[in-house]
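Q: Could you build all of it, start to finish, from the sequences and the hints given here?
From first to last, the protein sequence lines stand for chains H and X.
According to the numbering used here, the first sequence holds residues 17 to 362 in order.
According to the numbering used here, the second sequence holds residues 17 to 362 in order.
In short, the hints are calculated from the structure, not lab data.
Check before you lean on any hint, since a few could be wrong.
Here are the computed distance ranges between Cβ atoms for each label pair [unchecked claim]:
no., chain 1, residue 1, chain 2, residue 2, range
1, H, 241, X, 173, 39 to 45 Å
2, H, 174, X, 251, 50 to 56 Å
3, X, 112, H, 159, 52 to 58 Å
4, X, 339, H, 230, 33 to 39 Å
5, H, 209, X, 248, 18 to 24 Å
6, H, 124, X, 184, 37 to 43 Å
7, X, 173, H, 57, 28 to 34 Å
8, X, 39, H, 129, 23 to 29 Å
9, X, 39, H, 74, 17 to 23 Å
10, H, 338, X, 132, 29 to 35 Å
11, H, 241, X, 110, 21 to 27 Å
12, X, 229, H, 283, 39 to 45 Å
Far from chain H by the CB rule (all over 12 Å, computed), these chain X residues [what the hints assert, rightly or not]:
no., residue
13, 125
14, 184
15, 197
16, 229
These numbers come from a predicted model, not from an experiment.
The beta-carbon is built from N, C-alpha and C at its ideal position, and this holds for glycine as well.
2 protein chains.
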Amino acid sequence: MTARRGSGPTMHDVGKLAQVSAMTVSRVLKNDPGVSEATRERVFAAVDRLGYRRNQTARSLRLGGSGMIGLVVTNLANPFYSRLALGVQEVATEYGFRMLLSNSAEQADREPDIIDGLVDHQVEGLIVVPAGSRQQHLADAMRHVPVVLAARPPAGLDTDCVLVEDFHGAREATACLLADGHTRIAFLGNPPALYTGAERLRGFWAAHEEVGVEPAHALIRQGLVDSATAERATLELLKAAERPTALFCTNNRISQGAIRALYKAGTTLPIAGFDDFDLSDVLGLPLTLVSYDADEIGRRAARLLIDRLEHRDAAPPASRRVTVATRVVRHGVTSGDEQGRPAADA
Amino acid sequence: MTARRGSGPTMHDVGKLAQVSAMTVSRVLKNDPGVSEATRERVFAAVDRLGYRRNQTARSLRLGGSGMIGLVVTNLANPFYSRLALGVQEVATEYGFRMLLSNSAEQADREPDIIDGLVDHQVEGLIVVPAGSRQQHLADAMRHVPVVLAARPPAGLDTDCVLVEDFHGAREATACLLADGHTRIAFLGNPPALYTGAERLRGFWAAHEEVGVEPAHALIRQGLVDSATAERATLELLKAAERPTALFCTNNRISQGAIRALYKAGTTLPIAGFDDFDLSDVLGLPLTLVSYDADEIGRRAARLLIDRLEHRDAAPPASRRVTVATRVVRHGVTSGDEQGRPAADA
DNA sequence: GTGCGGTGCGTTAACGATAACAGCGCATGG
DNA sequence: CCATGCGCTGTTATCGTTAACGCACCGCAC
Chain H
17 MTARRGSGPT
27 MHDVGKLAQV
37 SAMTVSRVLK
47 NDPGVSEATR
57 ERVFAAVDRL
67 GYRRNQTARS
77 LRLGGSGMIG
87 LVVTNLANPF
97 YSRLALGVQE
107 VATEYGFRML
117 LSNSAEQADR
127 EPDIIDGLVD
137 HQVEGLIVVP
147 AGSRQQHLAD
157 AMRHVPVVLA
167 ARPPAGLDTD
177 CVLVEDFHGA
187 REATACLLAD
197 GHTRIAFLGN
207 PPALYTGAER
217 LRGFWAAHEE
227 VGVEPAHALI
237 RQGLVDSATA
247 ERATLELLKA
257 AERPTALFCT
267 NNRISQGAIR
277 ALYKAGTTLP
287 IAGFDDFDLS
297 DVLGLPLTLV
307 SYDADEIGRR
317 AARLLIDRLE
327 HRDAAPPASR
337 RVTVATRVVR
347 HGVTSGDEQG
357 RPAADA
Chain X
17 MTARRGSGPT
27 MHDVGKLAQV
37 SAMTVSRVLK
47 NDPGVSEATR
57 ERVFAAVDRL
67 GYRRNQTARS
77 LRLGGSGMIG
87 LVVTNLANPF
97 YSRLALGVQE
107 VATEYGFRML
117 LSNSAEQADR
127 EPDIIDGLVD
137 HQVEGLIVVP
147 AGSRQQHLAD
157 AMRHVPVVLA
167 ARPPAGLDTD
177 CVLVEDFHGA
187 REATACLLAD
197 GHTRIAFLGN
207 PPALYTGAER
217 LRGFWAAHEE
227 VGVEPAHALI
237 RQGLVDSATA
247 ERATLELLKA
257 AERPTALFCT
267 NNRISQGAIR
277 ALYKAGTTLP
287 IAGFDDFDLS
297 DVLGLPLTLV
307 SYDADEIGRR
317 AARLLIDRLE
327 HRDAAPPASR
337 RVTVATRVVR
347 HGVTSGDEQG
357 RPAADA
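A: In structure tokens:
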């Protein structure tokens, strides 16, 4: 953290060159009408000559408000979160904000420090994909700036959030498999402590109940954290006595791990899963994916946040919960096609 | 850009509560040894009670140096760039910097404004994946802060950059196809104005020359910008009189478009391409991919930048050019396997 | 000529934190 | 008993910008 000296010309320098005070330079740059045309031109000339740029840090200090919002995601390498970030960026730019981005790498214990740092940098608001279930640090942050949660809901916090139709999407995709006649569907899930994990399991369950099929308890695996753990879990399931006839995966990483396992085992099973992903349409596998617009989650979150920022003085509205719609897309399965049907009982 | 009022307690507030001056609070927070234990405790107690956080904006102004670096990428939705961003973030965090991220969406005309904005926000340095070939705005930015280019080289600019072995990687992958006996390899490339496009074509060409095979001029397509344009170009090539026996794609998006085209056409051809991508190993296609560590590009770029920041006073070193290694990975092709060989002449 | 409004610009005092310096009290030594 | 020094803390000025106010000057009306 070396100090930076000689950081370039200031308004005073510009003023000296244009033979006016710094205040007049400020007025010119602000497009204040109370400046004569001659002066204005002299100032612009001096700005150009010196390559002067207004110091946003000093402005922030004087004016209040840094023009930055903070975004904390759990894993930027996952296209889901990078698209979410793009959505945030899009709306932020539209409203003149910049985005300070941090990646928590799904390590909940790092999150408090990250957030403190963002608050110290005077972000005007935060959008967070919380990594863990403890959210005390978010409550602390809310003392300073508004916080909007994305993809995962608040736990005992009164704040806005944007969610996906986790329950509904999981239920619908599972229902597709059930409608195809499957009764032994394995469940490959992320840690149940995560909201999405729990909620998607609930949807999986509900779909079974609706058609009166008992879920295959022995085929439920939770706590899968990435593609590799999902691959291992899938391989185990394939070796089990009561082999599944289809798989349900709670996110893109898990689906990919399962696909890899099937490929290596030289076999195939219909898969339903949350999140669409690149090339899902060309795998030639019977896939039933819960697709949705990750950008939209970011856009909605940013809009909720900016709405609060623009009405800071007004009485804060009650916390809002926005839901982004999902839709099921099917690949390699045409209705009436036998490919997706369970094999005759082994 | 609403002004923010009542932005929380200041050092004066903390000082008043702890019955000391703001200066002493500053000293305590800075871990200055010249403060008595009793005072230190009172200050900490006051900080806790008020939920005080040091205002980084004010510190930046006083100390010089905002503790932020700017990153401009062309397309965050592409895993290549999100990984690059992760690499930058990793090193930045290690050295106590934060990352201000912007996406230029491959629109070269937006880039100057984005960069001006980052400079205004007092970033101490910039890492840029330049979207176009005009780089005058980068020269302007360099008047204020050091700039490091990533993935694409400077054009008439004296600055550090981090590149991939574009030429070498393309040559090697092409050589694999040639070694398999292919002589009619289609080239599917991004716009030749982009350095990577030109360089990878050069590698493609060189590989041909080395084995004395004339490149198939009629099968060269350039200017493909995304998966969809690549798909269309591939479909056309498949219908051409002189059909290719293999494809070379200059990036992940183009490979994916080509794969989709083959899938839809119900046919298959060996593909070589730059960039690895998710699930490339389970497609069951003969793929020869130039793989490399995108994170590493970000890390190296960040290190080059931070090195300059930490030696700001010293004479600036000559501009450096770092290259990240590539390696070829092959899927669905075992040596001696007939799958990757060209079909007997049609 | 005096007064009055308006135009165009400068001066002052912040925003919050901190470097540099000054000052106070107490102990120690001559 | 006073000089000297050290340990601890406060005061002042500053980073670059800007809101609020003030002042000089011009023109116009009475």
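Q: It remains to establish, for every hint, whether it holds in the given structure.
A: Here's how the hints hold up against the structure:
1. H:241 with X:173: 39 to 45 Å: This hint holds: roughly 43 Å between Cβ atoms.
2. H:174 with X:251: 50 to 56 Å: holds, 54 Å
3. X:112 with H:159: 52 to 58 Å: For residue 159 (chain H) against residue 112 (chain X), whose Cβ atoms are near 25 Å apart, the range 52 to 58 Å is violated.
4. X:339 with H:230: 33 to 39 Å: Violated, at about 59 Å.
5. H:209 with X:248: 18 to 24 Å: Check failed, 46 Å falls outside 18 to 24 Å.
6. H:124 with X:184: 37 to 43 Å: holds, 42 Å
7. X:173 with H:57: 28 to 34 Å: Taking Cβ atoms as reference, residue 173 (chain X) and residue 57 (chain H) lie about 31 Å apart, which means the hint holds.
8. X:39 with H:129: 23 to 29 Å: holds, 27 Å
9. X:39 with H:74: 17 to 23 Å: Since residue 39 (chain X) and residue 74 (chain H) have Cβ atoms about 22 Å apart, the given range 17 to 23 Å holds.
10. H:338 with X:132: 29 to 35 Å: For residue 132 (chain X) against residue 338 (chain H), whose Cβ atoms are near 33 Å apart, the range 29 to 35 Å holds.
11. H:241 with X:110: 21 to 27 Å: holds, 24 Å
12. X:229 with H:283: 39 to 45 Å: Holds - the Cβ-Cβ distance for residue 229 (chain X) and residue 283 (chain H), about 40 Å, lies within 39 to 45 Å.
13. 125: holds, 15 Å
14. 184: The assertion about residue 184 (chain X) holds, with a minimum of 26 Å to chain H.
15. 197: Given that every Cβ of chain H is farther than 12 Å from that of residue 197 (chain X), nearest at about 26 Å, it holds.
16. 229: Non-interface label on residue 229 (chain X) holds, nearest chain H Cβ at 30 Å vs cutoff 12 Å.
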